[in-house]
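Chemist: Please work from the sequences and hints to get the whole structure.
As they're listed, the protein sequences go chains A and B. All the letters of the first sequence, read from the start, carry residue numbers 1 to 438 under our numbering. All the letters of the second sequence, read from the start, carry residue numbers 1 to 438 under our numbering.
Think of the hints as simulated: they come from the structure by calculation, not from any bench. Treat the hints with caution; some may be incorrect.
If chains are identical, the list can't say which one is meant, so a pair holds when it fits in one copy or spans any two.
[As the list claims (entries may be wrong)] Calculated cross-link-like contacts (lysine to aspartate or glutamate; reagent style EDC-like; alpha-carbon spacing at most 20 Å):
#1 K21 - D292
#2 K85 - E40
#3 K85 - E30
#4 K130 - D155
#5 K365 - E171
#6 K167 - D284
#7 K293 - E30
Protein chains: 2
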Amino acid sequence: MEHKSLDNKIVSRVIEESGIKSFATASIREIVRLVNQLEEATGIRYVRMEMGSPGLPAPPAGIEAEIESLKRGVASVYPNIEGVKLLKDETSRFIKLFLDLEINPQGCFPTVGSMMGSMAAFLVANRNDKSKEGSLFLDPGFPVQKTQVRMLGHDYASFDIFKYRGKKLKEKIESFLAGGKVSSIVYSNPNNPSWMCLNEEELSIIGELSRKYDVIVIEDLAYFGMDFRTDYSVPGAPPYQPSIGRYTDDYIILISSSKVFSYAGQRIGIMAVSDHLFNRRYPDLLRYYTSDKFGHSIVFGVLYALSAGVAHSAQYGLAAILKSVNDGKYRFIDVVKEYGEKAKIMKSLFTGNGFRITYDTDIDKPIADGFYFTISYPGMTGGELLEKLLYYGISAISLDITGANRNDGLRACVSHVSRDQFKDMESRLKSFNCNYPV
Amino acid sequence: MEHKSLDNKIVSRVIEESGIKSFATASIREIVRLVNQLEEATGIRYVRMEMGSPGLPAPPAGIEAEIESLKRGVASVYPNIEGVKLLKDETSRFIKLFLDLEINPQGCFPTVGSMMGSMAAFLVANRNDKSKEGSLFLDPGFPVQKTQVRMLGHDYASFDIFKYRGKKLKEKIESFLAGGKVSSIVYSNPNNPSWMCLNEEELSIIGELSRKYDVIVIEDLAYFGMDFRTDYSVPGAPPYQPSIGRYTDDYIILISSSKVFSYAGQRIGIMAVSDHLFNRRYPDLLRYYTSDKFGHSIVFGVLYALSAGVAHSAQYGLAAILKSVNDGKYRFIDVVKEYGEKAKIMKSLFTGNGFRITYDTDIDKPIADGFYFTISYPGMTGGELLEKLLYYGISAISLDITGANRNDGLRACVSHVSRDQFKDMESRLKSFNCNYPV
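Modeler: This is how it looks when you write it as structure tokens:
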């Protein structure tokens, strides 16, 4: 079916029927649904780059531990809200071995995906001081975290960091914090979608400002260790994944299992609250919770009321994966390197056919190859480019919805494009380039 | 170890160290932790009635389907936010067969426990009209649902229904609704903790008022079919579990899998939104969500942002349980009848030793035997009674935290007391009765 060509009329009709008004602002899930319909209507397999979901199988250690726990009878027993002991211990150990940070197991919680992790973080971190108003997002970023803040009735500010890298970051962030209204700073590192990676100097600036203005830092490590330019893969040995934990006392780290452990289906992530923050008291929390202690509000306020804990078997599954990673048996970073290798090839297919990498540099170096990259085509906005590429069997999402300053680009995710599609992808990009000469 | 007697000094010390200031207001989880410590320090096995968790094994159909799905590879794949098709279909079928209601599979969602179900319901139902302020709870009830409402910055009202049963319910509820500030009415049926059961007449009153004042009804069926006085166990045949669905258009039904399917560990419940409500448009929802449609806000607003769906294998597990129930193969109500049978015996042990049943009647009939019952002892408040019983190896929770008018009672849950403890329980109650003569 790869060699069939697309029927423009069918594509037009399906797009028309989808009700999508603007390809610049359509959500990821709307594009996913549209491309499902396009594949069904046209019979053509798309080069699908719109959704950031894993393309590798789950680690056998996790599956086996889940099965074993189910046979043991955990399905009928409420899990502890704060997480089963084994998982808390292995999480704390993972953080020591791969981040070189000390976080007591007590502050290491499973959450129902990192989605619930950020939700729980906002529910407490953005309510600790009634004179403050919400989060500062270092953009571009994952759009749903802003949805969460809005849903909770909080406010947020954001800016695109591309032009404020290195020392320039300080003045820019401080311009937001100086008003005293910011509760928390949020970013993902590596950055989704641009794959920019904040370095130690930049993290030290964020840490310094966090202390100066008493702002909690929420660090999203959804793509833990996936800046493949540096080898973070050896447990307990430097170099370590850069982290805010070295530069401030009050921070929350979110580690998704979806990408690095290919475990998106079981909805389990990790939320680690620094010891200092866990034990801090904020009288304004009493407006919403029965305790003024941050850690107590997280467990008995938020995690209890959101879902009363995480699926029991999934906790044993993730604990087993972490144990095998911590013991040096499962080298998870080596496994996900495949994404970086595919990114390198896919980027060259784009740039060889008139495209440009939108976010092309990481301060003074070329951007790394990872899970996402960004693409532009001369003379087109992101919305236009996305709509036109759909006629060539290629899908992605517009950068407009990620808080990027650039409205001429798309985010492309490598995970669901298989190597056997590369040849086809190349010929589609060639015809695109012929029909839209630069 | 059953025949050792408790060392009062040790009990006093452990209570002292627990930091619990008042047994009237201590939360369920605080009592659980205290009794864990008491059992450890004294070496005595308590008659534990404080936590409403299942005491039966999970149905093999669920476990097997989870294991099979894990082997098939679902752990690495994001589940649909709105739930896998099989589960949605079997849920809609279950609702038809056991409630005689038609709800389109599209409005049947898995949630991370009914805990997330009520949270999701409040996040949309209490935001559909900016002139309204929150929920009306028909008490007594499950305390955490009020925590959820408070956490979201909404308001709530409540009253104890015991003195307002039957026709008297109308005037009482209307006195709250008449102000036009109530967004939703919330109750559990059978009632946790009193085990009162709202009947068809009362539900028709709630339905009538729901229409008159345009209020959404949130019906919590956590103890589905567990009013064992009536046999609701035959799929597709009357009598059916009473439900608000017969009396109003705009309702949400929550069905926990924790008790009726003994599946508390996997954190999966069902939220069913009536077709009429699913398709209704409320312009005020646009303050928080991208759509004014109730159903769209539930899926792409709330369920997406809370956890991006429910653990994949647990969805297949619950789907298999429901299928086997719907096919008439797994008679779930027969299985949980054991709770009612134990309740009958345990209540007689209490009443034979000076205790009274606090909520003793269901309008004009004796209260049913089920998962919970309520107990009082002449001349003692609930807090006093709970503290004193701990010295006799018996634990429960105070009714004060359930919104009950009665502050002289405790909620007792039968699930974790095994029949081999009854003899011991009887002798402990006898000594209690001797030492506190009525």
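Chemist: Can you tell me if K167 and D284 fall within 20 Å by alpha carbon in one copy, between copies, both or neither?
Modeler: This pair counts as neither: shortest intra-copy Cα distance 34 Å, inter-copy 44 Å.
Chemist: Between copies, within a copy, both or neither: which fits K21 and D292 at Cα up to 20 Å?
Modeler: Close across copies (16 Å), not inside one copy (46 Å); limit 20 Å.
Chemist: Using 20 Å as the alpha-carbon threshold, which applies to K130 and D155: within, between, both, or neither?
Modeler: both (13 Å within a copy, 18 Å between copies)
Chemist: Tell me, please, which holds for K85 and E40 at an alpha-carbon limit of 20 Å: within, between, both or neither?
Modeler: So K85 and E40 pass the 20 Å test across copies only (18 Å; inside, 46 Å).
Chemist: Can you give me the call for K293 and E30, within, between, both or neither, at a CA distance of at most 20 Å?
Modeler: Between copies only: 16 Å across chains, 40 Å inside a chain, cut-off 20 Å.
Chemist: Please sort K85 with E30 into within, between, both or neither, judging by C-alpha distance up to 20 Å.
Modeler: So K85 and E30 pass the 20 Å test across copies only (18 Å; inside, 39 Å).
Chemist: Go through the copies and call it for K365 and E171: within, between, both or neither, with a Cα cutoff of 20 Å.
Modeler: neither (22 Å within a copy, 73 Å between copies)
The structure does not agree with the numbered hints 5, 6 stated previously, though it agrees with the rest.
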